[in-house]
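Asks: Given only the sequences and the hints, what does the whole structure look like? Please build it.
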Amino acid sequence: MSKNTVGSLAELVGGQVQGDPALEITGVNDLRLAKSGEICFVRDQKYIELARKSGAGALLVHETLDVEAVQVVVKDVHAAFAKIALHFHPVPRAEEHFIHPSAEIDPAAVIDQPVQIGAMAVIEANVQIGAGTVIRSGCVLAEGSRLGTDCLLYPRVVLYAGVQLGNRVVVHAGSVIGSDGFGYASDEGRWLKLPQLGSVLIEDDVEIGANTTIDRATLGLTRIGPRSKLDNLIHVGHNCDFGADNAVAGFSAFSGSTIMGNRVNCAGHTVSAGHLKVADDVRIGGNSVIYGDVEEPGDYIGYPLQKKSRWGRTLHILNRLVEMQEKLRGLVRDKEESGKGKSE
Amino acid sequence: MSKNTVGSLAELVGGQVQGDPALEITGVNDLRLAKSGEICFVRDQKYIELARKSGAGALLVHETLDVEAVQVVVKDVHAAFAKIALHFHPVPRAEEHFIHPSAEIDPAAVIDQPVQIGAMAVIEANVQIGAGTVIRSGCVLAEGSRLGTDCLLYPRVVLYAGVQLGNRVVVHAGSVIGSDGFGYASDEGRWLKLPQLGSVLIEDDVEIGANTTIDRATLGLTRIGPRSKLDNLIHVGHNCDFGADNAVAGFSAFSGSTIMGNRVNCAGHTVSAGHLKVADDVRIGGNSVIYGDVEEPGDYIGYPLQKKSRWGRTLHILNRLVEMQEKLRGLVRDKEESGKGKSE
Amino acid sequence: MSKNTVGSLAELVGGQVQGDPALEITGVNDLRLAKSGEICFVRDQKYIELARKSGAGALLVHETLDVEAVQVVVKDVHAAFAKIALHFHPVPRAEEHFIHPSAEIDPAAVIDQPVQIGAMAVIEANVQIGAGTVIRSGCVLAEGSRLGTDCLLYPRVVLYAGVQLGNRVVVHAGSVIGSDGFGYASDEGRWLKLPQLGSVLIEDDVEIGANTTIDRATLGLTRIGPRSKLDNLIHVGHNCDFGADNAVAGFSAFSGSTIMGNRVNCAGHTVSAGHLKVADDVRIGGNSVIYGDVEEPGDYIGYPLQKKSRWGRTLHILNRLVEMQEKLRGLVRDKEESGKGKSE
Numbered sequence: 095m096s097k098n099t100v101g102s103l104a105e106l107v108g109g110q111v112q113g114d115p116a117l118e119i120t121g122v123n124d125l126r127l128a129k130s131g132e133i134c135f136v137r138d139q140k141y142i143e144l145a146r147k148s149g150a151g152a153l154l155v156h157e158t159l160d161v162e163a164v165q166v167v168v169k170d171v172h173a174a175f176a177k178i179a180l181h182f183h184p185v186p187r188a189e190e191h192f193i194h195p196s197a198e199i200d201p202a203a204v205i206d207q208p209v210q211i212g213a214m215a216v217i218e219a220n221v222q223i224g225a226g227t228v229i230r231s232g233c234v235l236a237e238g239s240r241l242g243t244d245c246l247l248y249p250r251v252v253l254y255a256g257v258q259l260g261n262r263v264v265v266h267a268g269s270v271i272g273s274d275g276f277g278y279a280s281d282e283g284r285w286l287k288l289p290q291l292g293s294v295l296i297e298d299d300v301e302i303g304a305n306t307t308i309d310r311a312t313l314g315l316t317r318i319g320p321r322s323k324l325d326n327l328i329h330v331g332h333n334c335d336f337g338a339d340n341a342v343a344g345f346s347a348f349s350g351s352t353i354m355g356n357r358v359n360c361a362g363h364t365v366s367a368g369h370l371k372v373a374d375d376v377r378i379g380g381n382s383v384i385y386g387d388v389e390e391p392g393d394y395i396g397y398p399l400q401k402k403s404r405w406g407r408t409l410h411i412l413n414r415l416v417e418m419q420e421k422l423r424g425l426v427r428d429k430e431e432s433g434k435g436k437s438e
Numbered sequence: 095m096s097k098n099t100v101g102s103l104a105e106l107v108g109g110q111v112q113g114d115p116a117l118e119i120t121g122v123n124d125l126r127l128a129k130s131g132e133i134c135f136v137r138d139q140k141y142i143e144l145a146r147k148s149g150a151g152a153l154l155v156h157e158t159l160d161v162e163a164v165q166v167v168v169k170d171v172h173a174a175f176a177k178i179a180l181h182f183h184p185v186p187r188a189e190e191h192f193i194h195p196s197a198e199i200d201p202a203a204v205i206d207q208p209v210q211i212g213a214m215a216v217i218e219a220n221v222q223i224g225a226g227t228v229i230r231s232g233c234v235l236a237e238g239s240r241l242g243t244d245c246l247l248y249p250r251v252v253l254y255a256g257v258q259l260g261n262r263v264v265v266h267a268g269s270v271i272g273s274d275g276f277g278y279a280s281d282e283g284r285w286l287k288l289p290q291l292g293s294v295l296i297e298d299d300v301e302i303g304a305n306t307t308i309d310r311a312t313l314g315l316t317r318i319g320p321r322s323k324l325d326n327l328i329h330v331g332h333n334c335d336f337g338a339d340n341a342v343a344g345f346s347a348f349s350g351s352t353i354m355g356n357r358v359n360c361a362g363h364t365v366s367a368g369h370l371k372v373a374d375d376v377r378i379g380g381n382s383v384i385y386g387d388v389e390e391p392g393d394y395i396g397y398p399l400q401k402k403s404r405w406g407r408t409l410h411i412l413n414r415l416v417e418m419q420e421k422l423r424g425l426v427r428d429k430e431e432s433g434k435g436k437s438e
Numbered sequence: 095m096s097k098n099t100v101g102s103l104a105e106l107v108g109g110q111v112q113g114d115p116a117l118e119i120t121g122v123n124d125l126r127l128a129k130s131g132e133i134c135f136v137r138d139q140k141y142i143e144l145a146r147k148s149g150a151g152a153l154l155v156h157e158t159l160d161v162e163a164v165q166v167v168v169k170d171v172h173a174a175f176a177k178i179a180l181h182f183h184p185v186p187r188a189e190e191h192f193i194h195p196s197a198e199i200d201p202a203a204v205i206d207q208p209v210q211i212g213a214m215a216v217i218e219a220n221v222q223i224g225a226g227t228v229i230r231s232g233c234v235l236a237e238g239s240r241l242g243t244d245c246l247l248y249p250r251v252v253l254y255a256g257v258q259l260g261n262r263v264v265v266h267a268g269s270v271i272g273s274d275g276f277g278y279a280s281d282e283g284r285w286l287k288l289p290q291l292g293s294v295l296i297e298d299d300v301e302i303g304a305n306t307t308i309d310r311a312t313l314g315l316t317r318i319g320p321r322s323k324l325d326n327l328i329h330v331g332h333n334c335d336f337g338a339d340n341a342v343a344g345f346s347a348f349s350g351s352t353i354m355g356n357r358v359n360c361a362g363h364t365v366s367a368g369h370l371k372v373a374d375d376v377r378i379g380g381n382s383v384i385y386g387d388v389e390e391p392g393d394y395i396g397y398p399l400q401k402k403s404r405w406g407r408t409l410h411i412l413n414r415l416v417e418m419q420e421k422l423r424g425l426v427r428d429k430e431e432s433g434k435g436k437s438e
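Protein chains in written order, with this note's numbering: chain A, 95 to 438; chain B, 95 to 438; chain C, 95 to 438.
There's no promise every hint is true.
Copies of the same chain are indistinguishable here, so a pair counts whether it falls within one copy or spans any two.
[Said to hold, decoys possible] Listed below are the simulated SDA-like cross-link pairs for lysine to any residue, each with C-alpha atoms no more than 20 angstroms apart in a straight line:
#1 K287 to D124
#2 K421 to R407
#3 K402 to N413
#4 K169 to S280
Derived from the structure by calculation, the hints contain no laboratory data.
Replies: So, in structure tokens, the structure goes:
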């Protein structure tokens, strides 16, 4: 990597430099921890004291601040910081071809160059792996699974037979993609397995967290749309279909045939009852249960799911349910007493 | 597999053929995707238009429909479809004996023939594996674990020492069976581990999803009864005892010593507080919390768990708690005003 | 192990013997299952009939009971039982140095003696492993991860690069430590990854269950404090900081930057919204959602989180919400009728 300066980084993020553009920058950091060769971001004026005390050599700011450090003025400090952090710490890709001698590669696998395959990895017949892809130790890619270019699989990821990943897909350790959907028919009280004959398609630029499970479709495809991000310990049932640019935080679960639009956000511990549709641009707060279609964009939260503004009041009432009941009892008592009074 | 015809499949499911029984059938499919050599099911009259448009050569129906395709009339179309799908796509079993050369098999393991053991699998001392069983790549079977005949372990399943599986047990990738139960004694504010000395018994025909964990008992056995089905990301605590023919959908958790009867169904995201009993033939809806014994068969749901019919109303009220509070406030205000009126 | 007698075990736990201290004891068991050479505990007088029928040779009791067996009187029977059970079944540690020939050890790893490393384990460059540590089959320890002495990693644990474990840390199968935190910046509707540059510190004597995931910090450290115990299927987000002696039961999730004090207990299925603090000595009941700081020690439970005493009443009201609404409707109806009455 060639030398990075405030000027070159400002160019990267389309920012205006206030101060010396020739200052060399070697990395990113937090305002509290930064040293003179590092660049930080200042979210807003509230952080100005922290910014003044910071050892950072350069600051990403939304508007010029009254501080000594060199400043780069940008429209969106958070996005600019991510771009610069990614510049210093890009997602790993295979630059040189290397297959660990302990990896077990079926001769009928089709592997482009360069790729990196770690120790103890198992690549079965007819697997396809695109150039630039990194498969870490202990992954198992079952028969006929396909990966595009520049993917990154952390240790011990399992792809079931036929699962397909696009380009630049990242999957964290222990995740399982393509396991059977939970489908059984009741045959006079006994469960008959419904063979799960579909597959899973993970589209370009998706990132999936650790120990997440994505089931194959009964027939057809379970799909995670391009650029969507899923966190750890998420269960995606069979025939779910997620659109583009979704973000789902950890410890969430989507029953079969949950159909999500584009740019849907789910905070942690969101659960869907399945067989329902969520519109584009819906944002769902944490600990929500989606029971039915969500047809309008906007902010929702709760159990049952409500508009966000409304849920705040509902939660407040849940917190005061004891007092509410006492008031109600008081009214009922008054009424009974007044009733007695009348009958006397 | 010999040629399958509508007639041979009708015989398999005990159905009556309407049309040409000699029509060859090569697989199952969805009404929307089916081709002429495929058989589908029609759930009820609502799907008749789809059935008419379908390219399917044959249809499983509950009663004769006014369509062109050959029909097989059966009592239960869903069960019949599962039987035919399983006929075309049976659960894999080992037909020929094959142990991958990279697998690590302890000489003291007792392995019947034929079995299939995948790459990088680890089979420790005194493990027993019955004929027909398939162990996929990267599984670890710790000392003394025992598997019956015709089991199927997907990649990277871990069986702890001494865990016992019956016959035809299927375990999906990444699941862990026999990990220590969560047992500690408090010793003046510090946790002392209670060694978990029991084991786990998974009975015949159980299927377990991906990344599920089933803890060993403190003493005695954690048990999953015959033909029960567990989905992905389920936590089964120590000393749980599940009866026969249960079905538990994904992202559920059962604290220690949850005792479930037979034919218990739990929808997704069901949680049990543990040290409680659930009777036979109980069906629990999604997102429920089981806090105490469930003594009568029937349909339950909610938090707290209620009869299903009641929970629908409760959920409706939760949704309208804001209006309920407003009404209550109105009444309290009226009362206060009328009180003032009287005192004036 | 030398012969154990009631006397030697009483000495171990600081108890007083009633009866023959020379009686040999070979193990621990449950009152219902125990044989004459085994020791059990009797929680209180309620269990006296079970204790009388038990075949146990010796009993740990809080006060002398009217039974035939030899008794060891101790202050805390549960803690004493744990100490004796651990004496008979200590957590495994490496006594002799053994590295399985199939394990893949980078020459630049620094491995003390004795350690045990199982089959198919992968130890990358600059990993440090302290004496006495046991690494079971199929674990992957990525570059620069460090383990202290006497740790125990069950099969298929993954440590990401740079993760640090103290001494006597136990991690159950399938857990992942150090995966990327869920951090993205929105760049005009598209997600930009925020590289997760921090790490994870697991302090001495921590135990972690199966298939749990602990994310690395964005910058700095995600920390689990000394002697804390985490169960199965727990998600710990980036930059969480858990103090000492915590206990978190299974199927729980902590969003990023949850700061927990010391001696915090969380029952199963506890969820934290993140960016909040929980004080020392807080006990949180199952199925709770922590939405904000918990500043005072004590017992809490619920959604929204409440003092435990209050939540019992709230849950009771939730259970009777239908009747509550009916009463309210009755009052509203009365008022309307009386209003009509007046206007007539």
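Asks: State for each hint whether it applies.
Replies: We went through each hint and held it up to the structure:
Proximity of K287 to D124 under the C-alpha cut-off of 20 angstroms is restricted to the inter-copy arrangement: shortest distance 16 angstroms between copies versus 52 angstroms within a copy. Both within a single protomer and between protomers do K421 and R407 lie at most 20 angstroms apart by alpha-carbon distance, with minima of 18 angstroms and 15 angstroms respectively. Both within a single protomer and between protomers do K402 and N413 lie at most 20 angstroms apart by alpha-carbon distance, with minima of 17 angstroms and 12 angstroms respectively. With identical chains, the CA atoms of K169 and S280 are at most 20 angstroms apart between copies only, with a shortest distance of 12 angstroms across copies and 58 angstroms within one.
Violation of the numbered hints given earlier is absent; every hint is satisfied by the structure.
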